[in-house]
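Student: Protein chains in written order, with the numbering used here: chain A, 1 to 331; chain B, 1001 to 1747; chain C, 2001 to 2176.
Treat the hints as calculated values from the structure; they're not laboratory data. What you are looking at is a predicted structure, and each value in this text was computed from that prediction instead of being measured. Mixed in with the good hints there might be a few duds.
[Stated by the list, open to error] 27 angstroms max Cα-Cα, derived BS3-like pairs, lysine-lysine:
1. K1035(B) / K2008(C)
2. K1271(B) / K2(A)
3. K1210(B) / K1306(B)
4. K1181(B) / K1306(B)
5. K1081(B) / K1053(B)
6. K304(A) / K1150(B)
7. K2133(C) / K2159(C)
8. K1410(B) / K304(A)
9. K290(A) / K1745(B)
10. K1410(B) / K2169(C)
11. K1143(B) / K2(A)
12. K1734(B) / K322(A)
13. K304(A) / K1745(B)
[Stated by the list, open to error] Negatives, chain B to chain A, calculated, CB over 10 angstroms:
14. K1027
15. E1107
16. S1164
17. D1183
18. D1208
19. D1397
20. K1410
21. K1671
22. N1676
23. E1681
24. R1735
Just so you know, even glycine gets a beta-carbon here, dropped at the ideal spot from N, CA and C.
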Amino acid sequence: MKNFAYARAQDADTAVQLITQNQNAKFLSGGTNLVDLMRENIEQPDHLIDVTGLPLAQVEELPGGGVSIGALVRNSHLAANQIIRERYPVLSQAILMGASAQIRNMATTGGNLMQRTRCYYFYDTDARCNKREPGTGCDALEGFNRIHAILGASDDCIATHPSDMCVALAALDATVHVTGTGVERTIPIVEFHRLPEDTPQIDTNLQPDELITSVELPALPFARNSMYRKVRDRASYAFALVSVAAALEVEDGTIKNVRLALGGVAHKPWRATEAEKVLTGAKADEEIFKRAAAEELKAARGYKHNSFKIELAERTIVSVLKTLASEGGAR
Amino acid sequence: MSARIVKPGAIGQPFSRVDGRLKVTGKATFAAEYKVENVAHGALVFSQIARGKIKNIETSAARNAPGVILVLTHENAPEMKKTPVFGSDSEEMGAASSSILYLNTDEVYFNGQPVAVVVAETLEQAEHAATLVAVEYEEKQAKLILQAEKPDAVLPEHIPGEPSDLKQGDAEGALAEALYKVDNIYTTPPFNHNAIELHATLAEWSEDEKSLTVYDSTQYVIGVQEMLAKKFSLRKENVRVIGSFVGGGFGGKGNAWAHVSLTVAAAKVVKRPVKLVLSREGVHLSVGGRTPTEQRVALAANDVGKLTALIHTGFTQTTEHNNFAEQFTFPARHLYKSENIWLRQEMVHLDIVPNTFMRAPGESPGTFALESAIDELAHEMGIDPIELRARNEPDRDPVKDLPFSMRNIKEAYRVGAEMFGWSKRHAAPRTMRDGRFLIGCGVATAFYPAYQFPAAARVEIHADGTAIAQSAMHEMGMGSATAQAQNLADELGLSFEQVRFEYGDSNFPYAPVAGGSNSTISVGAAVKAACDDAKKKIHGLVGEDDASPLKGTRFDEVEFREGGIYRRDDATKGETFHAILRRFEEDKIEGEGEAAPGAESEKYSMGSYGALFCEVRVDEETGEVRVSRFLGVYDCGKIINPKTASSQWRGGITMGIGMALTEEALFDVRKGRIVNPSLAEYHLPVNLDVPNIEIHFLDIPDPLTPMGAHGVGEIGITGVAAAVANAVFNATGKRIRDLPITLDKLL
Amino acid sequence: MSRKPKQKAHIEFTLNGETAEVAFAPHKTLLEVLREDLNLTGTKHGCELGECGTCTVLVDRKPILSCLMLGLDVEGREVTTVEGMNEGAQLHPLQETFADTGAAQCGYCTPGFLLVAKELLTKNPNPTREEIKEALSGNLCRCTGYIKIYEAVELAAAKMRGESVELPKESVYGYE
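Bound-form chain A, shown alone (with noise of 0.2 angstroms):
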């Protein structure tokens, strides 16, 4: 690991003013993606802002219905929190199937948006990766690619975003709240993290300077019947292959509301909307589940080892809004 100096931030103007100031400096919060890859020199700070003194700790119900969650709010107690169990459980279940019980006592909410591919090829640093060193190509296009993305990539990238949280927050419409040099700002989820491109070294539309407070959940009743399924290698500690964030509400037999995203496919959370439409005021059956899931899949593209996804996605997709429907959906 290169060194580094060192500060701390007390509050977010002071934090947004060093890391303005210093060239080459990053945030760390919970160190736990940041401080892996200094120590394998793919991120090389000069300077790190540790922000983990700013009072950013907090949930808190909104009035409305909605919830505000801290930056800085770890994700054990995100986890664990009541509300979220109660009302989002989806982001719950997301939560505690990533990473492991350590990990997740000291990954932060805004760290885990922040979170960097775990491609094979962007981890070699003897490798050439467009998103590690722009210019340089792209491994993982002909070489091992199970774990790639079946949507969304382009030529100079196929990498997969690795985030759990991430995909339950797509599906639950949440906000990310940021400052910066005297502009605080909102950004949609969908639009925070980014599609690779031909600049894929630019993970998500978080500027520089930047400095994420909060994640906002909005008001969503019908997510209490929500959940998060996740496929993978072996039964925990482990990246998705492919995972499914979904809240469903059916009423007489007919889907009235659907939220659904994929994980584990694409260099971002991946919402499902072409799923939602076709979804949305149709008869909740297993036949329009499949379409729907069909629907989403029609623009995926496989590669030499993932092209298994697709179908994978499909069925995982079927298999959770089935489990929605009959536990509590139809009401």
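Based on these hints, arrange chains B and C on the given structure of chain A.
Tutor: Chains B and C in isolation, oriented as in the chain A frame:
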């Protein structure tokens, strides 16, 4: 249920591990943890190409990085002499993993070959500076694909001790004419041992550079000592190698890999102790694992299910500079009787990290193919797979034509079937389910030979009635030190609490590499010999002593028990070691001994066996497989310590579940690089992957081995992948012949 | 304010119940500070990248991975390592049962498991087998197959609840 034999002595008792307390308090000292003053930290730079020459190596940026003391390359490294390669045909058993002269050559033989060592004040500084070393290569065409090199495959002269091509009768002919047959190709991927302790070497030279102390995470202290003495032209007795606690080995620490001598070289140059701990990536790149295999198994049977042909052939990969054959045809040599047999193993030479032995080399992938094929034949014929095995149980070793020293496979299956409830299994695939989960059950046979190698030991009986034995043996978690303490207690007639066993130090008498499940009986026999020596010496004192009630006895007229010597014919006549040594004013009596396998063992086929039962649940929607039940019934001779032995089997079975379902080193043939060199992406089984594994053992002694025992370290992994694959077939109707059985293969 | 990298950072924190002061190069992880600067080698390194759980310690009583935490980050906080589990010669019940069952085999992953289990039993004195598995799912073991580890945690929990316990026969003699 078989009767359990429990002798009154220590052997057979479930003593707790002797080092347990040290391990739970953090006081067990592993190689990287010895306190040495003024230690510097090393990190390796790995080659980025698979074959070629180093044209230029630019080290100035690294040398100028903060904290850096030295960048060692082939341009400034001291000479390290060529030494015998492990398993090579030379007279002496070497420890070197290959004949590559790391840092004494500009040639690159594999991607990941260490090409420089950076030494710095802290680990992080060394690791960072290692990334600043820039190497220019003149690249050569590399051979990286097993399939492509098959035309140039070589037939090794032998695969450890056995012919590499063996024909009895006309197997192909019998196959062609057979009523029932299966004939398929099975493949297994490369695996890595991935012991949790990273490989570490800590080297300290004396000021005059004539002697050297090395703390190393090794399964072979004597081998490392001999190798380093030769490499650095030192007298062997001036090199001391210590590896008392090793955090798992599984074969990965049996050879001395590049970092061992490079750490010693770096310490010599910087004139300071140097500690080098491989990163997890470094373990995958520079420490070899298990070769992938491509195996053909063809079986033919007559109408009553007797085998008429058994063919097991195939390919593994190795390198020009190590030549290790993964003896996957060994199980087929000993498990089934067949009229016609053809076994053949070929090897291709690739430009890769030298392959090496990993838990049950050969038997582990070999049983996957053979035991899957037996299951396929049973299904084809509509015979229960246990019954099919019974019909082909040989009464003599099929290829050696020798009697078995012990063999109770049928009994193991009988007991296992009852415990597991095998009769409740549906033979037809896809007929058992629980909601969306398909359920299936499978069986397979476990097999591992019983090896004994030469070893030596010494023992001291102290005046206070305690005893210590020493041998340069190893303890990487197997329970060897505990088992030998039990052996020692019984040999001397002391209690378990009165004895101690010391190991893991090249200053102790010779012990072989901890491999091939040999330690228990190899060292066990040496301890017995040393104890006999000491006992004779003590008896020599009292047998002619007027003051002793034992005066005039012959050695065979006395017995050693309860801390002393007593007449066999009069239990009241005798005296304690304490009394004897005090009278002769001695602090201790010493004994030394050596042992090697007896001639008798040449006249028998000696192996360990097991009957494995597995139940899986397969998610029909996603193809995810989870093992839900596992039972292993073992026939491994007398079990010295049921508690530690059960753990060995469970750990082996767990590694077998990993082999079956999750583990695979991904070798990118474009550059010859392993692309998942991490524990995040090389998937060891996590605890949720492992069911409640039940263990039973027959405990029937082998009359030919010391203590009646066999080692149990390796057999645990054998057969497991087949038991899982057979259960997956029973659940889904899909036969997977290509490991690991990942969900995409079942969609 | 952030300026040039410092040669040495100096921090004070509570280590195994006592105040500790230590100076170290600021880029060091907590794992390296513990092992190299404080000579507490009970905390092990298995991957240094957050993939195996071997380096687990408790920070403010929660299990975290010391390989992913900077040493700087524990200033003023409370750190517990395996060396802080026993009180003198008196082992923590988990230490006793890990030693007695053989849950510690090569012993390398053991300290990490012990600390996670310690926190589990603090929160939940009577965990089910499933809860134990879930809590320990971030720790890899290559030797035991995990089963003796669960048994050790169950036995320790029973001991701590004041129940008299003995080792299951199955773990002593294999399955009858």
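Student: Is it correct that the beta-carbon of N1676(B) has no partner in chain A closer than or equal to 10 angstroms?
Tutor: violated (6 angstroms)
Student: When you check the alpha-carbon spacing of K1410(B) and K304(A), does it fall within 27 angstroms?
Tutor: Since the Cα atoms of K1410(B) and K304(A) sit roughly 46 angstroms apart, the hinted pair is violated (cutoff 27 angstroms).
Student: Has the given pair, K290(A) with K1745(B), been kept, meaning a C-alpha gap of at most 27 angstroms?
Tutor: holds (22 angstroms)
Student: Sort out whether K322(A) lies within 27 angstroms of K1734(B), counting only the CA atoms.
Tutor: holds (26 angstroms)
Student: Measuring Cβ to Cβ, find out whether E1681(B) lies farther than 10 angstroms from everything in chain A.
Tutor: violated (7 angstroms)
Student: Beyond 10 angstroms from chain A, beta-carbon-wise, is K1027(B)?
Tutor: At about 23 angstroms from chain A, K1027(B) clears the 10 angstroms cut-off, so the statement holds.
Student: Checking a non-interface call: every C-beta of chain A should be farther than 10 angstroms from the C-beta of R1735(B). Is that right?
Tutor: Its Cβ never comes within 10 angstroms of chain A, the nearest being 18 angstroms, so this holds.
Student: Regarding the pair K1143(B) and K2(A), is the alpha-carbon distance no greater than 27 angstroms?
Tutor: violated (36 angstroms)
Student: Against the 27 angstroms threshold, does the CA-CA distance of K2133(C) and K2159(C) hold or violate the hint?
Tutor: holds (19 angstroms)
Student: Measure nothing beyond the straight line between the CA atoms of K304(A) and K1150(B); if it is 27 angstroms or shorter, mark the hint as holding.
Tutor: holds (24 angstroms)
Student: Need the status of pair K1181(B), K1306(B): alpha-carbon distance at most 27 angstroms?
Tutor: holds (11 angstroms)
Student: Does the structure keep K1035(B) and K2008(C) at a Cα separation of 27 angstroms or less?
Tutor: holds (22 angstroms)
When held up to the earlier numbered hints, the structure conflicts with 3, 8, 11, 21, 22, 23 and fits the remainder.
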